[in-house]
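Asker: For reference, the chains in residue letters:
Protein chains: 2
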Amino acid sequence: MMNKNNEPGSDTTMWLYLRRTLVQQYRSQLFKPFVLLCAFASLWLTASAQTWIWYPGDYEIWLSNEMQNRRTERGTFYPVFWKVDSHYPLVDFHKEFNLARPETVTIHAEGQYSIKLDGRAFSGTPAAIEVPAGKHKINIKVFNQATPPVVFVKGQTIVSDSSWQVTFEDKEWIDETGKASDLSATVFKHAGSWNFNDVAARPSAYKLPVTPVAAASAEKVNGALLVDFGKETFGFVKLHGVKGKGTISLYYGESREEALDTAASETFDRINVDMSAAADTINPHSKALRYVHIVTNGNVQLDHASLLYEYAPLQDKGNFRCNDEEVNKIYEVSKYTLHLSTREFFIDGIKRDRWIWSGDAYQSYLMNYYLMNDNETVKRTTYALRGKDPVTGHINTIMDYTFYWFMGVYDYYLYSGDKDFLVQNYGRMKSLMDFVWNRRNKNGLLEGLPGDWIFIDWATGLSKQGEISFEQLLFARGLETMALCAELAGRRQDAEHYKAAAVELKQKLFSIYWSDKAKALVHSRVNGQPTENVTRYANMFAIFFNYFNEQQKQAVKTSVLLNKNVPEITTPYMRFYELEALCALGEQPYVLQEMKNYWGGMLKLGATSFWEEYDPSKKGAEHYAMYGRKYGKSLCHAWGASPLYLLGKYYLGVSPTAPGYEQYEIKPALGGLKWMEGKVPTPAGNIELYCSNKEIKIVAPVGTGKLIITSKTKPVCKEGEVMSKGNNVYELMIGKDRKYTVRYQAM
Amino acid sequence: MMNKNNEPGSDTTMWLYLRRTLVQQYRSQLFKPFVLLCAFASLWLTASAQTWIWYPGDYEIWLSNEMQNRRTERGTFYPVFWKVDSHYPLVDFHKEFNLARPETVTIHAEGQYSIKLDGRAFSGTPAAIEVPAGKHKINIKVFNQATPPVVFVKGQTIVSDSSWQVTFEDKEWIDETGKASDLSATVFKHAGSWNFNDVAARPSAYKLPVTPVAAASAEKVNGALLVDFGKETFGFVKLHGVKGKGTISLYYGESREEALDTAASETFDRINVDMSAAADTINPHSKALRYVHIVTNGNVQLDHASLLYEYAPLQDKGNFRCNDEEVNKIYEVSKYTLHLSTREFFIDGIKRDRWIWSGDAYQSYLMNYYLMNDNETVKRTTYALRGKDPVTGHINTIMDYTFYWFMGVYDYYLYSGDKDFLVQNYGRMKSLMDFVWNRRNKNGLLEGLPGDWIFIDWATGLSKQGEISFEQLLFARGLETMALCAELAGRRQDAEHYKAAAVELKQKLFSIYWSDKAKALVHSRVNGQPTENVTRYANMFAIFFNYFNEQQKQAVKTSVLLNKNVPEITTPYMRFYELEALCALGEQPYVLQEMKNYWGGMLKLGATSFWEEYDPSKKGAEHYAMYGRKYGKSLCHAWGASPLYLLGKYYLGVSPTAPGYEQYEIKPALGGLKWMEGKVPTPAGNIELYCSNKEIKIVAPVGTGKLIITSKTKPVCKEGEVMSKGNNVYELMIGKDRKYTVRYQAM
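Sequences listed follow chains A and B, in order. For the first sequence, position 378 (counting from the first letter as 1) is numbered 454 according to the numbering used here, and the numbering increases by one without interruption. For the second sequence, position 574 (counting from the first letter as 1) is numbered 650 according to the numbering used here, and the numbering increases by one without interruption.
Isolated chain A, as found in the complex (with noise of 0.2 Å):
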């Protein structure tokens, strides 16, 4: 599967390690108390008591869809330009019961439906049906074409949950997998649920909840009023003792610049108002904002405005807290960053588009694992992303956000443990690489197609033409992704299939672009030739991707990463890879100045959440305009969140190296700081950490792990045994549940 000089040496990313553990542990059949396990984990992360349930997929998508088209530029609607999907209207939900005593179960849905005990159907939809005991099977049968088909079922035994099958076509329940006579795999085909426990909590009905916020200041500026909320926020705008006939307009700023410059702020809304007496009104539109700057006209009075704060009520589990503060300070604000920006789904920012882009989207779900760790919003997000078939375009239009989309799942099944998703969309992700492989050029390459963005990211003069090597890299990932999902899934074919492309395409890969020149993989090839243009992109991956032996990495350190020659990154987007390439080649101290000089410097502009772009030649309100436009620029985008990564997986160091952290890896990295402490969230609860040059304090909930230090002395422990791997390096083995403390010296 690997190429021989790829193979991955002491300093094996979390990835590359875990591949070869799953593959060695799958060959050896210890694998299968994993599967079991993980199952046990899915069953207990999904299934409750009794909840909403649906097809899998479809109430992503339809919230999705709601969600997206909420978008207005200046008061117009701007609904998104790729296919939408809709819910499957007809859907039909069963479960086989076996009752040591007879039950009266309450059945509820939102559609038109019909029930059915055994095969018999009851005459019209009775709200409730009597189950005598023995073995008995419930079909409901659903139809809604404006919104999905849902149902809701509650016995003392028999509940709706995600243990109940679902099809939308009644003579198979067929595995989403196909029907490939390789497929070896058990069949699962479980209902999609969230947390719509309660018959009242209408899945239709879902809204984002809301909690009133008072107005940090305000003042009059040429007779309208200026109203700040003191930092970056999102929500529905309320009047108080609003009077009169008129109108009153809105004017949003993540600047005061921007709220103040009415022809130019990028939203607005316009209520008209016809009230005799004095009464409050909320604006029906939730918008993000700092400032909101409100122009009546006619006789309109109003005393004074507050926000409802709307929110994902997500809780952060991990931590982390050091003795810089100003690093500290740069994680409490990605943290805003990153609450703000995570809603019914991760989206990319909160002012301007709000929609769920893929390849801002894979970054959330990075930094989610390290904060808030909520699977279902992952779900959502990669549901909601990837839509139905047919395939007609790439995700979002962009062909890298495909690649991110197939990396993505695999590391939900990474940090989640949740197989049973996984393979439940191994359909998606097959016939999604299928659309990439049908596009391949006469090279076997991608290349741009009538309808494919290349984005790579946002720089200007960044070349998109011919066959790019970042794509190329991707493209390559998402082979070895599928590889490794079809043998989880059971398709043993197509993982030899993905596996021999993605060897070959590695092959081309350097055969084509790394130039022993430039001692890196150059940006492209046009007409057959490949260009002399360096850029950082496939040559950052290629260090967190394992892809570049030992030599090649450490020239590429100098003569990409370090080299101020090639064009630099100027969005966190793009900064949340390099820093991570970094990282991975053991540079904390260098990316730690990094980010306090370049996330530091935002917060010395003010910024109380990070931006979209950030280029600190810039000056005042020249940061605010992107894309052209004056306030162009996302000052609240999820990209910008990214340290909550950086510092849980490089510098706490915690992540999985087996499926929902069975087994895991701590290798603490200081970077120059004195101290550091936090949490890591894992699906059976936090690993906490404490680090200083001396001493390291560890306990965990869940598997097993692998404490891995450099110590100028052997680090003592009185509660494991440490090991000396040679070179300073020093290994302590973590069960679970107990306190381990170790005394070392930090090199």
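Derived by calculation from the structure, the hints in this document are not laboratory data. Please note: incorrect hints may appear among the correct ones.
Heads up, the list lumps identical chains together, so a pair's fine if it works in one copy or across two of them.
[As the list claims (entries may be wrong)] List of simulated lysine to any residue pairs, SDA-like, C-alpha gap at most 20 Å: (1) K159 to G503; (2) K159 to P466; (3) K265 to G527; (4) K171 to A125; (5) K213 to F153; (6) K159 to D465; (7) K192 to Y154; (8) K773 to Q739; (9) K213 to E179.
Assemble chain B onto chain A, guided by the hints.
Answerer: Here is chain B on its own, set in the frame of chain A:
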């Protein structure tokens, strides 16, 4: 393309003849004027002043879901058991205009929408926009999950109609036929529309019209009211003078027995009443009935009942009349049967399923071409049956029904000349055939796979095992149809592929199934062995598909069609094809007697519409039973109306031989009648015909016809030159808009 043995002779069927003609025309470039003519005809048929428009097929699918999910069985919701699709929730409509002077354009949509002029969005959603003089492009983008996105545009010259382009993804305006490089034909991608020409006629609010009908009689039976509407009908029962508190149950009956049998009637409704003053009430569900048995419970009184007859407002264009009053009555009841079964779509029957079944619809199409000739109902039904990609099962789950769908698309083109529809749907044809193609067994033949229903006909003891000759025959015809349509859609490579595949399959068909001993195609091959079982199905279809040579045809007539030892057909569904095969062999006198016996037999039993099945050996209420239920049989079933088609096509003898009747054939056959007269609709109006033993009169508003008659002496016609073809066969070319009178001596 064709097996030499099967080269059509002088009695070439229309279909084969046409195929040859078309291909010749195509090759000789004579085809172009036809394309232009067809394009013009198509515009004339579909474009109108201004009309609501949508993504083609989407409104049709949505409406069919609404209609099909109205089925109830004894009060229980009874949905279909195959995949149901949705409209695209987000659709972009656009068109470019070149204005001589500025104009104001009003715009309406169902859904949330934005409007762009030359790529620039208007703020909000203005009800009207100003379009300056010159060349401009309007885009309207609509989002609607509940009902299909539709728009209505009206200016002085700018109006919404089928000339607008639509897409469900912005990036490309790609023809549905795909992106293959062999695509040389013009790209079609036109908006769908119907007749919603007024802004107030919102498509999502569409309902069939109703008209009040009084009961024919009423009587008291055991204290309840039994109302008779005098004949089979359909609609909403209206109760007059309802008063009191309690319930009213309406038991519907296609027969008196069914209405009175409250425990077994197929459909009923219950109405809760709580009215202090007498008032009228209309039951919200429309039902099939001749009788309604009204049973009250509690203290409820009512005065009498009437009906709001619900119908599709289609006018008859075709007609048939002859000297035999029984045949005239059969024709009239056939008309009524087809009208009742033609609702929003062509459905199977009005009592029970009220679903769109491809095999049933295919026959309705053919009858329609000789009666109402309504293109819109054909197109709507074709879209609804096909649904959307991906194809996950056969149409209606039935293998045979998939093939009727292909034949239906082609026939529509032939009768209407609407090439646009065919080209626009080539992509849907291809993906459906891909589905079939991928399900061939190792012999390249089709047999039932899990989820497939092999229907053929309702007949006891009919084997569905192994490789059934009838299915291979339909498959071959499907491949031929694809070859023709691929050529019309400009997909030459596809056409070559399908042609070769059809030839190969037809060779297999004869080498495997033809039995010299039985002088027939045998029914099936099981485990590699042809069975000895002979059934009528493959043999009769092979006649009018012209797959047999002349010898085989004559042999099969005796060995199968007129052989009482071969199991008889008991459904009008397959009698349709049996009688068509006999007509194609010139057996009109025999078929006329069969028609009088079979359909006349139902009339003698008091039928006011024709039935799903008729077995003359049964007695009394036995006739109403089917599917193991006392009143399971539908007494108004579209497939019962086939005399409409047989009399039009094989007695009046009129059929198109080029698309849209640009060329056609008239082969009158009195079949024992003294005289007959009638009208056959064409896109340009009716062909009118009178025929006795001595005289034929013709007037036609379209194309070029060929009158083919056999006569003892050379016919005389002042209006044209009669040519002798030998064997007492004579031909006369029929020009447009001239009256022809031909005197001859019938053989």
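Asker: Confirm or reject each hint.
Answerer: We went through each hint and held it up to the structure:
1. K159 to G503: Both, since 19 Å and 17 Å are each at most 20 Å.
2. K159 to P466: Cα proximity of K159 and P466: in one copy and across copies (10 Å, 15 Å).
3. K265 to G527: between (33 Å within a copy, 17 Å between copies)
4. K171 to A125: within (15 Å within a copy, 54 Å between copies)
5. K213 to F153: For K213 and F153, the Cα distance is within 20 Å only across copies (19 Å; inside one copy 47 Å).
6. K159 to D465: both (11 Å within a copy, 13 Å between copies)
7. K192 to Y154: Between copies only: 11 Å across chains, 44 Å inside a chain, cut-off 20 Å.
8. K773 to Q739: within (18 Å within a copy, 91 Å between copies)
9. K213 to E179: Within one copy only: 14 Å inside, 64 Å across.
Of the numbered hints listed earlier, not one is contradicted by the structure.
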